[in-house]
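Each chain is listed here by its residues.
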Amino acid sequence: MANTMRKVSLRNLAAHKLRLALTVLSVVLGTSFVAGSLIFTSTISNSFNGIFDQVAVGVDTQISPKSSGNDAGGFGGSETLGVPDSVVRTIEQDKAQLGVDKIVTAYSSTMTIADSEGKAIQTGGAPSVGANWIPNDRALDPNSAKILPGGRAPNGPNEAVLNESAAKKAKLKVGSRTKVVVNSGTAKPFEVTIVGLMDIAGDASGYTEMDFDTATAKKLFSDGSHVANVQLGAAQGVSADQLKQRIEQRFPGYKVQTGDEVRQENKDAVNSFLQIFNYILLAFAAIGLIVGTFIIYNTFSMIVAQRVRELALLRAIGAARKQITRSVLFEAFVVGLIGSVIGLVIGAGLAIGLQQLLSSTGSGLPSGGLVVGPTPIIACLAVGIIVTMVSAWAPARRASKVAPVEAMRESQTDGAASLKVRTLIGAVLAVLGVALLAIGAQGKGGGPAGQVGLGAVLLILAVVFAAPALSRPVIGLLGFVLAKPFGKLGQLARTNSMRNPRRTAATAFALTLGLMLVAVIGTLGSSFKATIDKAVSNDVKAPILVTGSGGTGALPPTVSGNIAKVDGVASVVSIRGVNAKVAGKDVSGNSPSGDLSSAANFHMVSGTDRLPADGLLVSDKTAKQKGWTLGKTITFDSKFGGSVPVKVVGVYKSSALLDPWQIGSAAYEKLTPPQLRADFVDLVQLKDGADSGKVQTGIEDATADFLTVKVQTRAEFANAQAATINQMLTVLYGMLGLALLIAILGIINTLALSVVERKREIGMLRAVGMLRKQVRRTIYLESMLISIFGALLGMVIGVAIGWCLVRTFREWLTGIQPEIPWGTIAFTLVAAAVCGVLAALWPGIRAARTKPLEAIADL
Amino acid sequence: MSHSAGAPLAAVPRQATAAASAKQLVKTYGKGETTVHALRSVSVDFAAGEFTAIMGPSGSGKSTLMHCLAGLDTATSGVVRIGDIELTGLNDKQMTKLRRDRIGFVFQAFNLVPTLTARENITLPLDIAGRKVDKQWMDMVVDRLGLADRLGHRPSELSGGQVQRVACARALVGRPQIIFGDEPTGNLDSRSSGEVLSILRRSVDEFDQTVVIVTHDPRAASYADRVVFLADGQIVSDQRGLSSDDIFEYMKHLDEPAAQAGPEQAG
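Just so you know, the protein sequences line up as chains A and B, in that order. Start counting the first sequence at 7; every next residue gets the next number (our numbering). Start counting the second sequence at 384; every next residue gets the next number (our numbering).
Same shape as in the complex, but just chain A:
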């Protein structure tokens, strides 16, 4: 019998190819993202590893400064000056004793390079650095870098070599002259002649490296007494580990690594960056799978409902309940297997596409062969098959409960079972979820945000349980409003969509989940934007803001001098980032170069808003947190030696832009060596009667040499900040696309199957005079109502979650207020309705083709 049952399962699958295709498709959607993300990250990480294997070859030991672990604060990038020359000198002297053969010192810093058109080379996130050229005979690995034929090594202050891939991208050749800017320190923009192109180990698309001779590099990139790092080659008979140990003992307080460790560090950094990619893609996969689960469940429920008679017949002729369950599960297994295999193939394609997309946008990712390890294959197959079988489990059990006598009866496929229990569970979950949201929204910070998150999960579960019960009144009402103009057709559509609440709810769930995410994101986005708009217009007096647009966003300090000379500019106040230590703890804040109260609005709580060169202004929030109250003297310790006592002269009301504290210029200069100084923003005040537009153009011209300077009005600045947020949200909006796609497929699937189920009824309607277009319209309306129901549910819950989440953000962004994105909501609801109609096109056409005779013919 087991064999016979399997035959029945397989024949069933073969007999309903369309149904099979639709079910398989829902499995494919989820699994292809699982496979795609795993294959993509393993491929990329593999090619990165290949590149890094060529890095630091021949290096036995590398000495570099220890990072303080607080890289986020410095707008200029590096927080350290490097390794002091004294260390290099000591090694030089004790070469024999330490077992050192070769010493290579490196000078480097981030810099911006103009392309052949005078615009900054876009690296797409990859580093753009300047360094010293190390001739092959002095390098630890003679193959690490070569000057390509036709070029030569740089010599003198205005000569440089550029790596080949960057030169190609920037359309620069040997002999080209181009502008360069070192991003921090006191250097001004200058012109160099490219005298050669480098073929460097580990050259990847996007990576930009310009090398100068050592004397020039030392002048440009260091304060004159430090090097960025020191690489050592061991003398014969000394192992890398031995050398590392000796150096570590001799120079504690520095980071000492073997070549292997340097390579591993690079690989780890890339892998942790790739991990983020992986998480995003796996999140897509999770959404695909969760939503897919509902579609698969729906499909199998309907298949079982349609096969009640057949299953009952099998039971009547002696099939055991277990056999029926197993037969349905076997069908699910086959569907899961086919879906996962296709998903794997599509996933590989997805990985290739993603890789090409990213390398074509020049994001600095290397291109290499596709790597499909066993992990993606196993994960994809396991996930696909398990999810399918789990989704089919409940319908399979239901199938086994079919009584043999039902074979003789007219089949009743309406979901008549009571919704009471699940609705009750849903209601309890909803109450708990709402309570958590409400409690979370009262607080601020990580804990309450976590409560909101937990509440959100409970609400999603509540929807799963209670949506069927909710669908009747909501769709009833929606239908009453929206379907009214369509008369009888509208009424039929409305009653049809309320007919089987379980099915309606499961179909709508894909939209609910996807659009809930959209609503959360939309609410966060609009709240951030509103807050920034408000902060900029409330806190900033200066009509023009100048910022850097390079990778680090830093502005060389020399820019402000150029701005001050522009006609119509009254004053320029630069805001600099400050990193220091107070009582042994890292602190970071800002320092204005001049009188900040002329360019920004302080709402003083106590004291004065005039900041003396050795004074400190703090926000009331900081004052409270750190105990820096008015009149107190705080001692700031520089990370580069020395300390400065400053007196708190004023406390202002905390605001998004002015938090957490502002320190006077003299103190700033003592805390930050010139080499590491960089501005975060220059606030420009105009002379009375000066034309803002003209001044803006004037500043743009005066700072054009710096390549990455952005000159914006207050409104433009606010918009640009919001645009940054929107960009970050774009990735998340991708989930909307995916959820919508799956939702459409789910709706197509459900409608197609329910059209088959209602064939006789539709045939009867056709017989008594319903036109084809009327049949179609009814199906469109039905689909639209289900879609809007799903979207509405998602919007309401999403906005609620977003609203509460924003409230908890007050901890990090002072003055943030929830803002409901009405525009997004309206757009999404309309989009959902349109998607509903689109999804119904094909089922509608199929339904309209139903022959009236099918109502009468004995099936």
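Treat the hints with caution; some may be incorrect.
[Said to hold, decoys possible] With a straight-line cut-off of 25 Å between C-alpha atoms, the simulated SDA-like cross-links for lysine to any residue are:
1. A/Lys676 - A/Thr641
2. A/Lys765 - B/Arg602
3. B/Lys515 - A/Arg778
4. A/Lys535 - A/Gly743
5. A/Lys716 - A/Ala536
6. A/Lys177 - A/Glu123
7. B/Lys476 - A/Leu847
8. A/Lys857 - B/Arg514
9. A/Lys676 - A/Gly259
10. A/Lys779 - B/Thr500
11. A/Lys765 - B/Gln491
12. B/Lys476 - A/Lys716
Treat the hints as calculated values from the structure; they're not laboratory data.
For chain A, the structure is supplied; the task is to place chain B on it using the hints.
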């Protein structure tokens, strides 16, 4: 009644008395050796205001004849007319409108939309046509059929007999040129059958309605003015005023392989 079907009307004047007619109707299925001849040149007229039953053994072509007459199926050749409209050459839209506006249907099963109430089911063809319901007429029909207290119920809350009566009411309310019933009492017990059949009978007698039903039940056929017998795709007998016993006897005779002539006795 307007014929919004916009059918190309036959130019030849017709006798006004026929509500529906078939001329040399042929319907074949399949090709070559497997060809099935469901109808072999059937010609028949149905006079207005008459109750006709089409009878015959299984596979005689009686259902096919009705489907072709009612615009549910198309004939291989021959001409079908509903009133003065010729069905040949009508497209799906015109055919659908013809069914909606000129024909009433009572099927054996799946007569009603389960999500609509009895009242909504009754007015369904008029509603989808966008036509106004003649309130007085509707009240009268509902009243005569004993459905006045059932109008708010869904089909699942009605008995089998009530469902068929609602279907009759739906057919009558549009005042169609002709009502076709496809085994309208096939699923009913004898009491409910009687109710439904007398409704159809009365609609002919009192409202001057034309009714054609297909049935294999001699008792049902005995309600008709005229009984048309089909066997092997041809009309083998066409009689008036038969009793159910007569019909039963004749049917028995038809089922015998060597059935030839019709019953000799007259009414």
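Checked hints:
At roughly 12 Å between alpha-carbon atoms, A/Lys676 and A/Thr641 fall within 25 Å of each other, so this suggested pair holds. At most 25 Å may separate the alpha-carbon atoms for a hinted pair to count; A/Lys765 and B/Arg602 exceed this at roughly 32 Å. Straight-line distance between C-alpha atoms of B/Lys515 and A/Arg778 comes to about 21 Å, which keeps the hinted pair within the 25 Å bound. Simply put, A/Lys535 and A/Gly743 have alpha-carbon atoms about 23 Å apart, close enough for the 25 Å limit, and the pair holds.
Among the hinted pairs, A/Lys716 with A/Ala536 is consistent with the structure: their alpha-carbon atoms are about 22 Å apart, no more than 25 Å. Annotation: proposed proximity of A/Lys177 to A/Glu123 holds, straight-line Cα distance about 9 Å (limit 25 Å). This hinted pair checks out: B/Lys476 and A/Leu847 have alpha carbons roughly 19 Å apart, not beyond 25 Å. The straight-line distance between the Cα atoms of A/Lys857 and B/Arg514 is roughly 24 Å, inside the 25 Å bound, and the hint therefore holds.
A distance of roughly 23 Å separates the Cα atoms of A/Lys676 and A/Gly259; the hinted pair therefore holds under the 25 Å criterion. Between A/Lys779 and B/Thr500 the CA atoms are separated by roughly 24 Å; this keeps the pair inside 25 Å, and the hint holds. Simply put, A/Lys765 and B/Gln491 have alpha-carbon atoms about 16 Å apart, close enough for the 25 Å limit, and the pair holds. For the proposed pair B/Lys476 and A/Lys716, the alpha carbon gap of about 65 Å is over 25 Å, so the pair is violated.
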